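S.K.: Spelled out from the first residue to the last, the chains are:
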Amino acid sequence: MSREEDLHLITAYALGELQGSEKERIEALIQKDEVLQQTVKEIRATAGIVSADLGSPVTGLSQIEKARVEKGWRDLAAKDSRSNFYRRTVMTVSALAAAVFAFMIVVPNYEKFTRTQTDVAREAAPPPMAPPQKVIADSDRSAVFLKMEKKEVNAEVGSTETYGNSMGKDSLTAAAPASKSVSARTKAASGMKLPNAVPVSVLFGGDGESIGGVPDGQSLKNELRNKTSDFVSCYQRTLNGRPDTKGKLMLRWGVKKGRATGVSVMSSTLGHSVLENCIVSVVKSIHFDPDSNGARVVMPFHFMSPN
Amino acid sequence: MQRRRGADKMASVKMLFEQHEGRLLRYCKRMVSDESAREVVQDSFLKLWQHVDTLEEEIILQWLYTVSRNRCLDILRKNKTMKPVNFEDEEHIGESNPEEDYEAGRRKQVTLQLIRSLPDREQEVVRLKFQENLSYQQISAITGITVNYVGVMVHNALAKLRLEYSRLEKTKEAL
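The listed protein sequences correspond, in order, to chains A and B. By the working numbering, the letter at position 108 of the first sequence is numbered 108, and the numbering carries on one by one without gaps. By the working numbering, the letter at position 52 of the second sequence is numbered 52, and the numbering carries on one by one without gaps.
Careful, some of the hints might be misleading.
Stated by the list, open to error - Footprint (simulated), chain B over chain A, 3 or more residues, beta carbon under 8 Å:
(1) 8–19
(2) 33–46
(3) 71–82
Stated by the list, open to error - Under the rule of at most 25 Å between Cα atoms (straight-line distance), these lysine to any residue pairs were calculated in the SDA-like manner:
(4) LYS41/A - LYS160/B
(5) LYS14/B - GLY55/A
(6) LYS9/B - ILE64/A
(7) LYS66/A - MET15/B
(8) LYS257/A - PRO215/A
(9) LYS14/B - THR66/B
(10) LYS256/A - HIS272/A
(11) LYS79/A - ASP53/B
(12) LYS284/A - HIS272/A
(13) LYS23/A - ILE59/B
(14) LYS47/B - ALA78/A
(15) LYS71/A - GLY22/B
(16) LYS71/A - ALA7/B
(17) LYS170/B - LEU118/B
(18) LYS32/A - LEU18/A
(19) LYS66/A - MET10/B
(20) LYS221/A - SER273/A
Unchecked claim - Pairwise CB distance ranges (calculated):
(21) VAL93/A - VAL147/B: 49 to 59 Å
(22) LYS79/A - SER166/B: 55 to 65 Å
(23) THR54/B - ALA95/A: 20 to 30 Å
(24) LYS78/B - GLN63/A: 38 to 48 Å
Everything labelled a hint here was simulated from the structure, so no lab data went into it. Every value quoted in this text rests on a predicted model; they were computed, and no experiment measured them. Ideal placement from N, C-alpha and C gives every residue a C-beta, glycine not left out.
Put together the whole structure using the sequences plus the hints.
M.R.: Okay, structure coming up:
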């Protein structure tokens with residue numbers, strides 16, 4: 001810092017304009033230097049003289065002018081008060097209008113607004129199958145009917161009983177999933193269109209069926225029936241991608257230590273290897289009764305849908 | 001509640017008015033005519049009513065000076081002629097004080113002459129500092145000059161005055 005700059009700062013210090021570290025620094029400089037101490041004294045004396053010489057008595061505004069200013073304030077205060085009233089009124093009316101509008105929008109669409117992510121995901125997911133409510137077994141025909149849990153959905157999708165009886169085969173039939181049926185009434189009320197609920201049938205047995213190596217194949221058929229939902233599920237998934245899939249699948253397998261061995265496709269009119277493999281996997285997963293050990297099975301599966 | 005707030009506001013603005021209107025008028029009279037200066041001060045305090053709620057207490061004074069100064073500069077620009085500065089108040093004081101001795105009167109003349117001889121900007125800074133008792137910071141905010149340069153101006157003015165005073169002392173001793 002040059003001497004000239006220091007002098008400016010010394011003047012500022014003498015007039016009480018410095019603060020903080022700068023003040024401390026200049027203060028330290030002054031304490032070490034008697035000439036600077038004298039300079040500070042002179043600056044203060046000069047400043048005092050200038051202030052005294054310039055300090056002319058103040059003559060302010062006249063009483064009339066002061067009264068005019070005060071009247072101006074009163075007018076402005078009244079204006080403030082009026083504008084505050086208008087502002088408050090406008091804000092209140094706006095808030096009420098917004099509340100009414102929100103009420104009108106939200107209430108009719110309450111269901112839509114309150115739908116959670118879980119609801120959305122559940123509706124987007126492939127339909128899980130409704131568990132069989134009632135199994136009607138015919139000892140000769142081995143017909144199985146899966147009834148829908150919800151009657152209103154049955155009404156929408158139509159009866160599923162006709163397949164099994166009319167075909168005279170073991171049938172595994174399912175319709176729209178229960179999860180859809182739960183919200184069916186609500187959606188209908190809100191005007192949303194329901195996706196088509198498709199009843200499907202998977203029938204096994206009939207022409208070409210052969211169960212050898214065991215005295216009675218009934219136990220084996222019961223195990224197949226227990227896998228009803230899995231067979232139908234395979235078919236449902238296929239229909240989601242290719243709705244026109246239908247036909248006959250002929251499987252052959254043996255039973256050893258309660259498990260299906262050598263499961264193979266003898267013939268198929270499905271034209272859908274994924275569905276075929278899925279059915280094969282279900283058969284492989286069955287735990288057969290020990291009575292079925294040694295069985296040699298040839299079993300036709302019929303896949304039918306209204307499509 | 002609203003009325004009470006309004007009453008509080010009225011009281012605080014009135015207090016500010018009583019404290020500063022005279023100083024502000026003196027400041028404005030250095031730039032514009034007496035009549036204009038009076039109008040400027042009244043307008044500034046009416047304007048204060050609209051802004052007092054949003055102003056920090058410590059900057060109200062500099063706000064008043066700034067608003068008045070800008071208004072005075074507008075008037076000057078409009079008239080396009082600088083008003084000859086009225087020094088009557090300052091001259092009158094010396095003459096009207098019979099007890100003031102000759103030396104003090106002489107020194108005062110030197111002070112006023114020297115300040116009047118300064119450039120307008122420097123003169124304004126010196127007056128704001130020693131007449132209105134404002135800080136460098138406030139002067140900087142009012143005039144738009146940097147704090148550092150305000151310091152330089154004040155320092156230079158005081159240096160000149162010290163020199164003049166010492167000359168006066170020497171003259172007195174010589175006599």
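S.K.: Next, verify each hint and record whether it holds.
M.R.: For each hint, the structure was consulted:
no., hint, in the structure
1, 8–19, "holds (count 6)"
2, 33–46, "holds (count 3)"
3, 71–82, "holds (count 7)"
4, LYS41/A - LYS160/B, "16 Å, holds"
5, LYS14/B - GLY55/A, "24 Å, holds"
6, LYS9/B - ILE64/A, "22 Å, holds"
7, LYS66/A - MET15/B, "12 Å, holds"
8, LYS257/A - PRO215/A, "17 Å, holds"
9, LYS14/B - THR66/B, "19 Å, holds"
10, LYS256/A - HIS272/A, "28 Å, violated"
11, LYS79/A - ASP53/B, "15 Å, holds"
12, LYS284/A - HIS272/A, "19 Å, holds"
13, LYS23/A - ILE59/B, "23 Å, holds"
14, LYS47/B - ALA78/A, "15 Å, holds"
15, LYS71/A - GLY22/B, "19 Å, holds"
16, LYS71/A - ALA7/B, "14 Å, holds"
17, LYS170/B - LEU118/B, "23 Å, holds"
18, LYS32/A - LEU18/A, "18 Å, holds"
19, LYS66/A - MET10/B, "14 Å, holds"
20, LYS221/A - SER273/A, "24 Å, holds"
21, VAL93/A - VAL147/B: 49 to 59 Å, "50 Å, holds"
22, LYS79/A - SER166/B: 55 to 65 Å, "59 Å, holds"
23, THR54/B - ALA95/A: 20 to 30 Å, "25 Å, holds"
24, LYS78/B - GLN63/A: 38 to 48 Å, "29 Å, violated"
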